[in-house]
Structures are given as structure tokens and as C-alpha cells.
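Chemist: Starting from the given sequences, assemble the full structure and let the hints guide the process.
From first to last, the protein sequence lines are chains A and B.
With our numbering, the residue at position 103 of the first sequence is 103, and numbering never jumps.
With our numbering, the residue at position 20 of the second sequence is 1020, and numbering never jumps.
Errors might be hidden in some of the hints.
Partial selection, computed: residues in chain B whose CB lies under 8 Å from chain A [to be verified]:
#1 T1094
#2 V1096
#3 E1097
#4 S1119
#5 A1121
#6 E1122
#7 H1125
Calculated from the structure, these hints are not laboratory results.
Quick caveat: nothing in here was measured; it's all calculated off a predicted structure.
Beta carbons are placed, not taken as given, at the ideal position from N, Cα and C, and that holds for glycine.
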Amino acid sequence: MMWNLLKDTWLLFGRLFPLPTRPGLRAVGNPDLSSPVLVTGNFELTVRKVIATLRRERIDAWLLVAPTRGINVWCAAGGGHFTTDTVVSILRTSGIEERVDHRHLILPQLAANGVNVWKLKERSGWRPRFGPVDIRHLAAYLASGRKQTERAQRRVRFPPADRLVMGTNLGFNSALLLAIPLGVASIWLPGLWWRTLPLLFALSVLASLLAFWLPGKPGVQKGVALGVLVAAPFVFLSQTAMAMAPWTTVGWTAWILLLATYTGYDLPSWSPLWRQEVKELVFGVKQTRIEVVAERCIGCHLCDIVCPAGVFAFDEASHKYAVADLDACLACGACIENCPTDAIDNNFRGGICSCPTCALIDGARALTGKRTSRPAPAIELVPIDTECRGEGCACEEEDAVSRPS
Amino acid sequence: MSTLVYMKLLEQTPEKYDRGMRLLTLGRIDRIKEEIANRWIEPGQAVLEIGCGTGRLSARMAARGARVVAIDVSEPMLALARVTAPGVELHHMTAVEIGDLGAERFDRIVATLSLSELSEAEVNHVVRAAASLLRPGGRLVVADEVPAARWWGRPLAALVRVPLAALTFLLTQNTTHALKGLAARLEAAGLHLVHREDHLLGTLALVVAEKR
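Modeler: Structure (C-alpha cells):
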């Protein structure tokens, strides 16, 4: 109990650093030959949460904890540590093949930017499906007979509680990075260090909490808006209640604006592929510009199934997908990774995950190699419907997603 | 800015890998690879390399006249290996899949600084798979980072290792992990130790085990 409390406290600040737990097979409840098989990463918090949720919902299941270097599902997948290879490995080494008499595998949806279900199926003989984004929706997903997850449950929402944790972690990272240079600067500017670090931390939390409400494009623009929002009451208070010298007020105001701009610039770094470039972060020019090449699209729905932001729209007439809401795109790359005909183009020029966890080990290389164009496979694909049509629906067929015609 | 700093700092490339490993092992890994190719590989032998990386050892073994099959999990590494080791049969697969390559078909299976990249369950699986891939009399040759053998060696090794690993990471964004209980794992898979040599205060070991 005490130990978990300690871990949770650390995770409030150091979530971007790996916290591994032993990979392998966990039996949750009393699973038998027909129980569902789930996969997750070996980030300690994730495993604990998944097991607790399954127990609460009284779901008997086999949980495969894949060796993702102690990194959470989404980051590990984006950084090249939760890939098709990782899942193949845990299927082979965990002994799960002897524990169940079926080959249905439920993957976390947010692993889709690293795991390619087509390749996984081909290499493992298992039939992988992406489950809901949030483990809390698993019960509903299983109850529906492992049909495609409800549209709403395939979206990443960033609720306020999550944004608060993102903010504390962002603040911790920035403070960690700036602690030494600020410490050195404090030799000439005494007091700068201990005043700036809490300020930076507070600005990070605010930037994260207010991310959706601040005006301007994500990046520097939202940062400046935050700076104005915080500096205005500061100027007022410093000249009234605090009776600060005018030049001191000017100095601190400039400092607040600078730090807020920096925080805004730092905030989008949560996406593994968000480009940390001036053009994007200052002018809001989106450099991740995905498009569906209509000639290659076979309407298999997988881009829509894996997209956590609802970017794609299906055109019934042509039976093809198109990008409907580019602004919503989180640049995670899941659609590109899983499109079976390589119909989704992007002008990624090879990005790396900028969060220290993902990048720490060797995320960069895996990612840059992965995002380049792949040759289209020489198989004909039978499209499936996103929503199950009930009796006789293609989704009931064993090989619905990759049956050669 | 923190993101930009991290991004630049952590960018890894296959080209930097060899340089990183050379620095981290103070040049020993090159000598060990040389020794593997010259002393433990005979011309005409069927050899499998697990985790060939940039393909330098595979190329050297092929130059010695061995028929080399090499696997790696990283596509960018393999792209480089295709250039470095043109006569080598290269496969993109994880180490745990080597069992798919057949049974009793190799005289030598070589793994340098690759088993330590795996989880414990994976290492055990790979060692067992390697044992069944070897012909009787065949040998598994492993060179990897291990925890220092003697208790007094550990703080001493850490003293050298920590700054060296930090420097290597800063310069090349590469590092290694120690592989625990290597000899016991080999024995458990039915392989018999025939040779062991320690380098760098016992933190880098070359182990040769035979299938009888």
C-alpha cells in the first residue's frame, strides 16, 4: 500500500520516465481456455490499472504484459518499443498458446501507432483486434461480443484530470532541464532559481489545464496567451497590494511572458511525432498533413478504427475514406502504420519522440525507419464494416480483415 | 525547448551504433569479434548471427568462408548490413522467432551484445531455441555485458562504467544492459560451457557453450 502510494507520487511528476514491471503472462480472476487474451505494455501503472479494472468488473482474462521497456502503451508504440515484434515476442515466450483454445487477441487501441495488425496476424497466426482506448470500456467491448468498439470509445479525450497530470509532468521535466542553468544564473541574479522553478511548474500546469481554452494555435501562440493571462493580474497586484518597484515589475513581467511562451512551445511535445519546428510552433502551420490516396483506399475501415481523433470520414458512395478533420489529427501515425495498402500519405520527414522516455533508449531510429512508404501488399482485401451489422456481418468472419479474395 | 534539447540529444542512428559500442567497451568488442571470427568459426560452417546490427561480424565470418545467416529486428540496421555484409543471408525477425529457421542446421550461433537487449523470458526462450537449432557438437558463442563476477569488482566496475556509459550516451546515444546468469541459462538449455573469458573487470564476457 505504502509502496504503491510512493509510486503514484513519483508518477505524478516522473511519468515520462520508464517504470518497468516484469513482462509475462498474468492470470486475472479465473481465466480458462476460452477467456479473452489482452495485451498491454510493462509500464507499472498501466498494468496495475488494467488488473484493478478487470477485477472490479469481474472479468476473467489472460493479460500479456509485453516488454515495452517500462514505457506506457502510447509512448512505447510511438517510440518503437511496442511494435509488431514486441507482440510476436510475448506471444511466443509467455506460453499463452497452451492456455487458450482460441487465437483472438485484444490489443490496446493506442498501440496502433506501433503494432501493425496485418503483419502481426501473418507472423503469429493470431487474430488481433484493437480494443477500446480506455480499459474502463473493455467490459462493454467484451459484452458486445468483441465487435468493433463504439465510435466514442475510440477517441482520446484528455479530460481535466489527465491534463492536470500532464501539466505536473511537463513542469517537472522543464524544471529538471532548467535547474542547472538557472542555478548558475542565480550567482548573478540571486533568488532567480527558487522563484523561477515554481513559476515554471505552475505555468506548465496552467498551460496543460487551459490548453483547449487558450486562444491561438497550439505552440507558441497559446503560450503567449497564457503569459498575458498570468502577467496581467501580476502587474496589477505588484503595483497595488505588493507595491513593487516599477523596473522590478517590468523585469518579472517579461520573465513571466518568456516562461509562458516557452511552456506553450513545450506543450505539444506530448505527441511522439509533433514537429518541434519554428514554422509549426510559432505560425501554427501543421506539418503533419495526412491525406488518403483515393486510388489505393479499399475502404477497409482500419484507419478509422485506429484513429484516436476521428480524423477520417467514410464516403458510402465511393466506399472510400477521406480526411475530414485535419485539425483534429494528433499526428500519432497509427493510420499510416496500419493501412494495408499504404494509401495514407504524409510528409513526415522522419520525426522522433521528443518525450524523454520514448527517446531515451532508441525510439528515434525505429520511428524514422517505420514511417517511410512501404510497398503495397499483393493481397486483395475484403472490407469490413466499422459498426457490426449483426447476423451475417463480415466482422463475424474469422479472417474478416485479411481474407484473400 | 526541453523537447528540442531531448530530441537532438537522443537521436539515434545505426551509423552511430558501432562507434558507441566501441567506446563503451573501450575497443574490446572489436577484438572479441575478431577473435570469434578467427578462433571460433571454421570455413564452411553454417553460422547464425542473432542481432547482426550493422553486419560487421557477419561480414568477417563470411570472409572466413562460413555460410552466414543473420537476423536483426531493426530494419534500418539491416539496411546498413546489406551493404556491409553482401554475401550474408539477412532476415528481419525478432530473436524469439529463430526457431522458425529450422532445426539442427547450424554449427555455430553467435550473439554479441544482443541477448542483453531482451527481457529475461526472451533470453531463456532464445537460448532454448538456439540449442535446438544447433547440430550436435555445434556451439553457441555469446559476447555480452554481464555483472562483474566478484563482489569487490562491482563498485570498481561501476566507477569506470558510469562515466563511460554517460559519455558514450552523450556522444552516440547508445548504451548496453548487463545480462544476468548467462552461464546458468546456457546450462539449463542443455549446453555445456567450453570456454569463458572475461574483459573489463569481468563486465564483458565471451562465453562458448557446446551442444553434446
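Chemist: Would you mind marking each hint as holding or not holding in the structure?
Modeler: Here is how each hint holds up against the structure:
no.	hint	result
1	T1094	5 Å, holds
2	V1096	5 Å, holds
3	E1097	7 Å, holds
4	S1119	4 Å, holds
5	A1121	5 Å, holds
6	E1122	5 Å, holds
7	H1125	4 Å, holds
In this structure, every one of the numbered hints holds.
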